[in-house]
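Numbering-wise, the sequence shown is residues 1 to 228 according to UniProt numbering.
It is possible that some hints are incorrect.
[To be verified] Just the calculated beta-carbon pair ranges, DEER-fashion: (1) Asp92 - Thr209: 14 to 22 Å; (2) Thr205 - Met71: 14 to 22 Å; (3) Pro190 - Ser51: 23 to 31 Å; (4) Leu110 - Pro70: 27 to 35 Å; (5) Leu214 - Ile69: 18 to 26 Å; (6) Asp218 - Thr179: 15 to 23 Å; (7) Pro102 - Asp26: 47 to 55 Å; (8) Pro188 - Glu75: 30 to 38 Å.
No wet-lab data here; the hints were simulated from the structure. It should be emphasised that the depicted structure is a prediction, and the values quoted were computed from it without experimental measurement. Glycine included, C-beta positions come from ideal geometry on N, C-alpha and C.
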Amino acid sequence: MIATNATALQLAEHHDLPAPRLIAADLAGNQSGTPASLETAVAGTTNWPNSSPERLRAAGAALARLHTIPMAPREHLPFRPRPIAVDDFATDRRTGRMPTTPLLQQADALIRAHGLPEEPSVYLHGDVWPGNMLWSNHQVTAFIDWKTAGVGALGVDLSELRKQVAITFGPQAPTEVLTGYQHATGHPAPHVAYWDAVAALNTPTTCWTPTATLRRNDFLDEALRNLP
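Construct the entire structure; sequences and hints are all you get.
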């Protein structure tokens, strides 16, 4: 993860993306005694004082900047079939390592039957949620925490953010994120329902609060209704 973070920050600087800048990396731990990296501090806060449509659209537009870079997998930036790819809660449920529910079982079966959509691969952050976005003067100054970055379909990032704001702010928030994203790109995002379901499936069966679980379920149910 440290190597991925360092590689991702180098690429972000090369493309002038909103991210910290890598100062140094000791990936083998030869100098520091453990794998380590050092990056710049970035002004801003991860606190979202409100969930206004303007703030949510700005978040979507900022995310669109990351996906302007087409890319194939490379060392330390692997293919990512889902957000936070180091977790695979769907497989944990399927193999009995975690309890499940009828909704999650149905969604898992539909997503597996649907199969991975054919889409161009782009540069991905891999863990887009409000806590990984720094704000200053109503603008996103940086995406932080790049340790699960990689390449893959843009929906991996977009739907993770949509899921996160649905859980945090309620069911209207994902639409505003999508509006901001599509306005920035100038075209519709592909396969949104599929990636929404994938993002929702990559959560624990029971989320951190009853409200979070309910909102996750509502977000997933909406995705399944729109899945071709």
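Point to revise | Hints violated by the structure (listed by number, smallest first) | key: 2 and 5
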